[in-house]
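Participant: On the provided structure of chain A, position chain B as indicated by the hints.
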Amino acid sequence: MTPSDMPTETLAGRAGTAFAAYQAGDRHRLAELVELLTPLLWHTVRAQRVGHDQAEDVVQTTWLRLVHHADSIQDPRAVLAWLIVTSKRESWRVVKDARRSQPMPDAEDDAGVPDTTLEGPESAALASAEGRVIWRHIESLSERCRSLLRVVAFSDRPDYASVAQALGMPVGSIGPTRGRCLAKLRLLLDADPHWGIS
Amino acid sequence: MTDDTNRPGHIDELDRLAALPIDDADLQALDVLREIYEVGDPVPPSLLDRVKFAITLDDLEAEVARLQREAVPEFAAARSEDLLKAQTVTFTSDTLTTMVTISPQPDVRITCRASPV
Numbered sequence: 026m027t028p029s030d031m032p033t034e035t036l037a038g039r040a041g042t043a044f045a046a047y048q049a050g051d052r053h054r055l056a057e058l059v060e061l062l063t064p065l066l067w068h069t070v071r072a073q074r075v076g077h078d079q080a081e082d083v084v085q086t087t088w089l090r091l092v093h094h095a096d097s098i099q100d101p102r103a104v105l106a107w108l109i110v111t112s113k114r115e116s117w118r119v120v121k122d123a124r125r126s127q128p129m130p131d132a133e134d135d136a137g138v139p140d141t142t143l144e145g146p147e148s149a150a151l152a153s154a155e156g157r158v159i160w161r162h163i164e165s166l167s168e169r170c171r172s173l174l175r176v177v178a179f180s181d182r183p184d185y186a187s188v189a190q191a192l193g194m195p196v197g198s199i200g201p202t203r204g205r206c207l208a209k210l211r212l213l214l215d216a217d218p219h220w221g222i223s
Numbered sequence: 006m007t008d009d010t011n012r013p014g015h016i017d018e019l020d021r022l023a024a025l026p027i028d029d030a031d032l033q034a035l036d037v038l039r040e041i042y043e044v045g046d047p048v049p050p051s052l053l054d055r056v057k058f059a060i061t062l063d064d065l066e067a068e069v070a071r072l073q074r075e076a077v078p079e080f081a082a083a084r085s086e087d088l089l090k091a092q093t094v095t096f097t098s099d100t101l102t103t104m105v106t107i108s109p110q111p112d113v114r115i116t117c118r119a120s121p122v
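Heads up: the sequence lines are chains A and B, in that order.
In terms of my numbering, the first sequence has 128 at position 103, counting the first letter as 1, and numbering is strictly consecutive.
In terms of my numbering, the second sequence has 98 at position 93, counting the first letter as 1, and numbering is strictly consecutive.
A few of these clues could be false.
What the hints assert, rightly or not - So the derived list for chain A, only partly shown, Cβ under 7 Å to chain B, looks like this:
1. T63
2. W67
3. Q85
4. R90
5. V92
6. D96
7. I98
8. G156
9. T202
Stated by the list, open to error - Sample of chain B residues with no beta-carbon within 10 Å of chain A, all distances over it, derived:
10. H15
11. P26
12. L52
13. R55
14. I60
15. V69
16. Q73
17. T100
18. T106
19. I115
20. T116
21. C117
22. A119
23. P121
For the record, the hints were derived by calculation from the structure and aren't laboratory data.
Glycine is no exception: its CB is placed at the ideal position from the N, C-alpha and C atoms.
Isolated chain A (complex conformation):
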């Protein structure tokens, strides 16, 4: 498939097209890629419980990794998945280092890094009735599901399967099926009389 044949309507497709041009020598297309995917990467990193300032470092490191390894990515359409995997790996490294350099946390406290992630979204959720309902159910899900849905919310529906796969939670190969995390949320919402389908 040549770059011009790639689907351009989804985030992964647009990213693949820009990255193919960059690989072919059009260096300026990298800026386009950075603008396109930094929001998704930010939320991928923050979903791994990386602190605010460190998350900026992780996103920056991820992009520099891409610059250094651009030639090794054979299929430009895979660039979104590659970036997600790299940012997640880098997040784990940072979180692990932060845990090691801190005094041993309580046995019950599995975080080790002060978790400031929830405060902002929590207050943002209170701003609307829909937000309040959905946040209550999101909080009842496992952390794994919460972080998957957070990243998925920033991707386009046709990219859902590849994004979930890159996050280590494959949802099946045929079409963008919900997968268990989204199904859990859906089950809770369907049973909630406060969640109106408009």
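Facilitator: Just chain B now, kept in the frame of chain A:
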């Protein structure tokens, strides 16, 4: 309300829902979620510029390293003949062209000129 998800009937229902395609109601829920995270934990405004600057700096370092590699034999050859050899690099962005000239001998000098495109 969340206790119900552990009942056997709900596990079956969960598997059934999980295997179905995403529909508009899912997308509506994901849209609400996205807005919560966009407002509650926004991308820092300076992050894009910071990333682009880091990439430019990285390119610059790679370019300087390349010049050093390529220039070393020339410097070595020039030393005996006391030949002045200027090394000039030009960087171009959409709005600005920057030219950096390194004059190695007799006193190391770096000249930088910037001009609008």
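Participant: Say whether it holds or is violated: P121(B) keeps its Cβ farther than 10 Å from all Cβ of chain A.
Facilitator: 17 Å, holds
Participant: Check the non-interface label on H15(B): least C-beta distance to chain A beyond 10 Å or not.
Facilitator: The assertion about H15(B) is violated, with a minimum of 7 Å to chain A.
Participant: Can we keep the Q85(A) interface hint, with Cβ of chain B closer than 7 Å?
Facilitator: Since the shortest Cβ distance to chain B is 5 Å, the answer is holds.
Participant: If you take the shortest Cβ to Cβ gap from R90(A) to chain B, is it below 7 Å?
Facilitator: 11 Å, violated
Participant: Evaluate the condition: distance from the CB of Q73(B) to the nearest CB of chain A exceeds 10 Å.
Facilitator: Its Cβ never comes within 10 Å of chain A, the nearest being 18 Å, so this holds.
Participant: Does the nearest C-beta of chain B fall within a distance shorter than 7 Å of the C-beta of G156(A)?
Facilitator: Holds - the Cβ of G156(A) comes within 7 Å of chain B, reaching about 6 Å at its closest.
Participant: Taking C-beta pairs only, is R55(B) more than 10 Å away from all of chain A?
Facilitator: Nearest chain A Cβ is 6 Å from R55(B), so the label is violated.
Participant: Interface hint check: T63(A), Cβ to nearest Cβ on chain B, cutoff 7 Å. Holds or violated?
Facilitator: With a minimum Cβ separation of about 6 Å from chain B (threshold 7 Å), the hint on T63(A) holds.
Participant: Beyond 10 Å on every Cβ pair: is that true for T106(B) relative to chain A?
Facilitator: Consistent with the label, T106(B) stays out of reach of chain A, its closest Cβ about 22 Å off (over 10 Å).
Participant: Is the interface hint satisfied for T202(A)? The criterion is a beta-carbon contact with chain B at less than 7 Å.
Facilitator: At 6 Å from the nearest chain B Cβ, T202(A) passes the 7 Å test, so the hint holds.
Participant: Minimum Cβ distance from D96(A) to chain B below 7 Å?
Facilitator: 13 Å, violated
Participant: Please verify that the nearest CB of chain A lies beyond 10 Å from P26(B)'s CB.
Facilitator: P26(B) not clear of chain A: closest Cβ-Cβ about 6 Å, inside 10 Å.
In summary, the structure is inconsistent with hints 4, 6, 7, 10, 11, 12, 13 and 14 from the numbered list given earlier, while agreeing with the others.
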